[in-house]
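Trainee: Position chain F against the provided structure of chain Y, taking the given hints into account.
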Amino acid sequence: MRTQTAAKELAAVIAESQQRVVKIYGAGGFRELEAYQTGLLVSPDGHVLTLMSYVLDTDDVTAVLADGRRYEAEYVGADPLTELALLKLPPLDTPLPCFDLSAPASASPGVPVLAVSNLYGIATGDEPVSVLQGVVTAVADLDARRGAAQARYRGQVYIVDAATNNPGAGGGAVVDLEDRLLGVIGKELRSRVTGTWLNYALPADRAAASVEAILTGQTSGDDALLLPEDPLTTLDLGLRLVPDVLPRTPPYVDWVRPGGPADAAGLRPDDLVVFVQSAAVNSCQDVAARLAEIDREEVVALSLLRGDELIQCELAAEPPAEDQP
Amino acid sequence: MNARLLITAIWLITHASAAATPTDRQQAVGNAVDAVLPSVVRIETVGGLAPGGSGQLVAGPTTGTVVSEDGLIVSSLFSFSQEPTSLLVRFHDGRRVPARIVARDRSRMLALLQAETAKPTTPASAVEPAAIQPGRWAVAVGRTLQPERPGVSVGIVSAAARMHGRVLQTDANVSPANYGGPLVDLTGRVYGVLVPMSPMSSDEQAGVEFYDSGIGFAVPLAHVFSVLPEWQKGQDLRPGKLGIGLKEGSELVAEPVIGSVWPRSPAALAGIEPGDLITAIDGEPVSTQAQLRARLVPRYGGQSIAVAWERRSAEGDDAEGDKAQQDKQLFEQTITLAGEMPPYTPAVLGVVPNRGSKAKGVAVRGVLPGSPAAEAGLRTGDLLTRINETDTPTAEAAAEALSALGPGDSVNVSVKRGDEPIERTLTFGQPPEAMPLAADLPPRRNAATTGDADDWELSPIVLPLSANLAQAYAPKDKTEDPLGLVLWLAPKAEDIEPLVESWKPLAARDGAILCIAAPAADNRWSADEAEYLLLLLRTLRGRYTIDPARTVFAAQGQPASAAGLAAYRLRRMVSGVVLLDAPLPRSLEPAQASPSQQLSALMLQTERTTLSPLLASDAARLRQAGYPTTEVTLEQADAGDALPLISRWVDSLDRL
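Each protein sequence line maps, in turn, to chains Y and F. Residues in the first sequence are numbered consecutively from 824, following our numbering. Residues in the second sequence are numbered consecutively from 3, following our numbering.
These are computed hints drawn from the structure, not numbers from a lab. From the three backbone atoms N, C-alpha and C, an ideal C-beta is built for every residue, glycine too. Wrong hints could be hidden among the right ones.
Claimed, not checked - Straight-line C-alpha distance at most 25 Å; calculated SDA-like pairs for lysine to any residue:
no., chain 1, residue 1, chain 2, residue 2
1, Y, K1010, F, E211
2, Y, K1010, F, F212
3, Y, K1010, F, G62
4, F, K243, F, L332
As the list claims (entries may be wrong) - Counterexamples of contact, computed for chain Y against chain F with all Cβ distances above 12 Å:
no., residue
5, D999
6, A1031
7, P1081
One chain only, chain F, in its complex shape:
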């Protein structure tokens, strides 16, 4: 730093605090921008994919922040999602040179670029983390709108840590006009690099909807410098994953109890099991799901953390809480987080349980042909009581025990056949690509538990403040045993009688509720109605006893788009989707299935439909993402005729 600059810096520091009048502030802002400008570049992207998705925002030039003397530049991932064929960097002095992307940071949504320059470049200097405090003046600088003169927006630091501590927040205008540019203090030092970010999605364009709204984010430059030595070697940084899914519950209140463990994930290899409770990360206690997330989300794949967890033994009698306490096992282990999970493929046993059985164990209603259970000789009437070391008094317990397993794994199962105990070892193969139709299964044993047909009725389900209409054919009284649920999205509220009539005998046989919902405006389900469907599902789950493993959305024709999207978005609460002569929404790109988020699909088509090739490619798309998909061709496109098939399929969804 030469003497003149030093004097300027001292003047700025003393003056910044006195920047109380607009005129003083204008002077201070001007000086801050001038100070950082040599480190702010414009990046031109050339070629690449057509703008996708919303199509609202175009790919244009963007801004970058220089972080080294040899031409390393950090920018936002936002402008590179279209895979441009070439990049050019225009420096402060007007020089224009080609550049390439060295690596990406998919956790903090940054791109690292190397500009091919022989001349030394001017790196920005970072505000030390302790000085990032709410209320301090903050100036957002971009070069996107024009290369020669910077774009400037003035605000304050609104929060030091947001998005689980990955970014700071500002009320200066942040938009595609300055993503990738610096957010500076009044001395021109950089708080952070401006990025869009959203709590809802990790997409490269997510968060752009907050542009110019008073909510803007920046990744602290001090953090960028801390990872730069590793990052510039060219490996992408990815969010670090433990490989766990948590039990459903309110994030702010519920304890971090493991619901599922991704097979062969870091958590699985460390021996974490479903039902375990995470108690501390790196010695810091965590008591809620939100606290656990806050400690995990900022980490990258490849980083190691110390995880402490406890296991409450199932041996303890539930009635005696004290005794259960005593059977607590404690674990602690250093675990290296994974950047990418091995693709998830579930362990399918091939047992369809008999619902409503009061026996302590999984009563086998049927065995899927060719499954590991069939090969091990299990058969209808057996009682599955143990998988490896885990007792399986219920189907849920068995599902949990299987959730951390995958193809290639072997387990020992204990079975009671009459009074005779049987031990078997079986090995999981690749799961079936399609869910078999349960046509060959014997009917459920306890038909009585769903009540007589007389006890079922068609009644309206009215939600407050909703223009949608729904009617459910369901038992008058809440049943003890869980029922299946088919949520049928109809084009309109009229003419539902034939559907209900066809459903009546099926409801008695397979024990599933049919709820028919109509859109607010005739014949058209819109994307906005997803919220209604969530509320409807919650209401039904409150009013009746519903089996989440047999809850599906179904539709024919236009409403199928809404049904497909709703099922996909609610896949923590929904297990399947039935589409009749309808393709998936084009905008849906199914994420890889995970232990806590699975979906089965039944795609029905009539013989002469012109949609056939589209449906086949959709089915392939779903299977690719790990969702078992069954395709059936029907003779007629009549929903009523398809219902028996749909009911059978739903009946088999709770297979293990």
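Pulled out of the complex, with its shape left as it was, chain Y reads as follows:
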């Protein structure tokens, strides 16, 4: 009976992953700041991967294992880019069950997953943490915000359809049905694309890199994800957009400098910029924000609407001239 076998496997997968997840208690406990979150055992000698958050803002951080053992956890370090932190339990006689970060797994949309976390702090003492089931909804670049601030990490994440975006779940594991770690549940964030709360996890390979960086003391951050020092502007491309007077002023071209890159590519006033590289832009502010992510040396692909006609072009900034205004 295939069904029964699968059910048994599932129970085993859940039990094994629960053994590798710990409940973390620390600072907080007032208003909407819960004093608990989740951590993952990532080494047999007691390294715990968790979120860098206010919960760790105390000398008194406690980790409770699935079997109820309770330890003071020592802060080792954090990666400011992924906002992951590493804790260390005191030396123990026996090795601990742990996720193997040296062989991170990956998954594509539709793959069934389990989210294993200290959701809402429901599990206490020797109770194993809560498990949600779902599938990978998407593997997408994180474009999210916390309040009005842009989230720092902008690389790929797993979006899942289990409700992981809830208090206490941060730092938990998303595993596949073979008990391989796919990702670490991140902080509560809203999507900048849809405005909805995101159920997402930082990929295991990215988490592994963070752990590596923390242990070797090289947590300066991933340069590829930082903004360029000398970004592009519309004037570099030889064009100017209409004055940005509305909250979402449509990005129409107002003026094209004769002989500039935009002119050479055939752009005209009243063309509407709709894409910068592959990102849709809805406003003058969007255009400025997207250009700010592109280095002045790079070639930028623009798509524009002229009436119903879609115009695509690639522009490079002019070399800086002495006499430019």
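Mentor: Below, chain F without anything else, positioned relative to chain Y:
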């Protein structure tokens, strides 16, 4: 369908039922998504209005489902509420083409788009309605998060028909990340197009609060195909309206008795009158309001339905139920529903009735100058007994008889002046934009019915589980005759004595209760307290005899926002709102007044207030929506001084 696809389909159908293990299911889900993917597009919106209202959800890209080979795409209205200046559609193969909105479906909250493409597009195929059954696997597919790879969420069909049969329900995650995308079965056929929807509101963004909650909706694709031939011609589809308001009552229990008929609506033209009982729609009997709604809500404007109704004649003596039964008239007619109602303007007779009169008829206490009643020569002391064919033993009966009439209509009225019977014909003009203050009315005849001042007292109204405090100056005992009610929202529970003292003589003269309520937290009424105000109003209506036609909310300054919102939301139970030096809440967009939902406003301002321009624009906004609004400028911003004026105004609200 080529051979390979056919084999895949057969494999899927046989395999779908065996998708019991997670691994099998993963395979089946993957195949289902692959099968539908050519019909799933990403729609980019460009430009448009700033995000309004909640400001919580941003306008971004959205998903669409292809429904024809020539580029017709169905999506959710959700992403188009900001009137984007341009639309672009990105197809499965990466082609990006401009698109335009052809028409909207305001009943099922869909948009129909035409993509400008010369290349044939791949329409989705629909699950036949009989196969939409609870428990079947359902996969929600979106392209909003990223264009190249779809977003996938797996669940089941939770219900085949929700929202009066307009949508099916699923527990797969449905959110702005897949609105407009398809909900498919394990063969990749489409159950429906994902939309947000709410039982509370027909707003384009309503229902988004259920996102990712386990409650998601989809409009059956089979339905979309059934309306497509007409819809693609470019006419918006709108909810079909009969033009009736039902008598207050529990939806699940109360019979569908007509409370009001919208003037010149399909119902009015078919001869349906207030008091009639709807008995069947298209031959299917209806016995409750909920059943009637279930039959009407799915229909579009322009569709025809057979309506059966009966009229119990008022001739029958109430004491003899059998006889009343015999005077039942039956009607049946095919009625074409309207997509849009003519703007509602009430028929105002201009008669202020004398409350507490025991005569069989409406005793005229006064006649508003310039009104049809004044022009026909009606005067104080007359007894109005009949409007057209309808007897009017009470003011309510007269109001009902007037409710289906509007400006331009003429009626015959029967009046008794002493023993002399008088017949008059009068024609309704445009109703007054402002409710006149009843300063010139003679006082009510039966002052005694409200009791002596000694019989009134100030007592606390305590509601269980509520931190709010309220006190009412009201009769000790329940009165026989209905009283007016002014629900005053104060900033705090203290210092209410001067208000009550000023009210005492007015209560005796005009017969109205003053209830002063304070917020749970000092000085701040919050939006959450609307529920408390509803309970308070219900409690007062239970404890005292209250006239709904003279029930108003009132406030000065900050609490006015809460008062304005509460009055508007409860306008089936409330007839007016008084705002003293305070504008309406900015978020309030008053819906057009209707026969069962009217509101009068009294906007008071002190001479030097800086709010003046704002108040004037609010008054214009209210009048525009059909709510008579009276503006008065006072010398001082003292609530106590304003009370006599407020009391007079409330006293005239029950005019016909």
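Trainee: Starting from the hint list further up, note which numbers the structure goes against and sort them upward.
Mentor: Failing hint: just 5.
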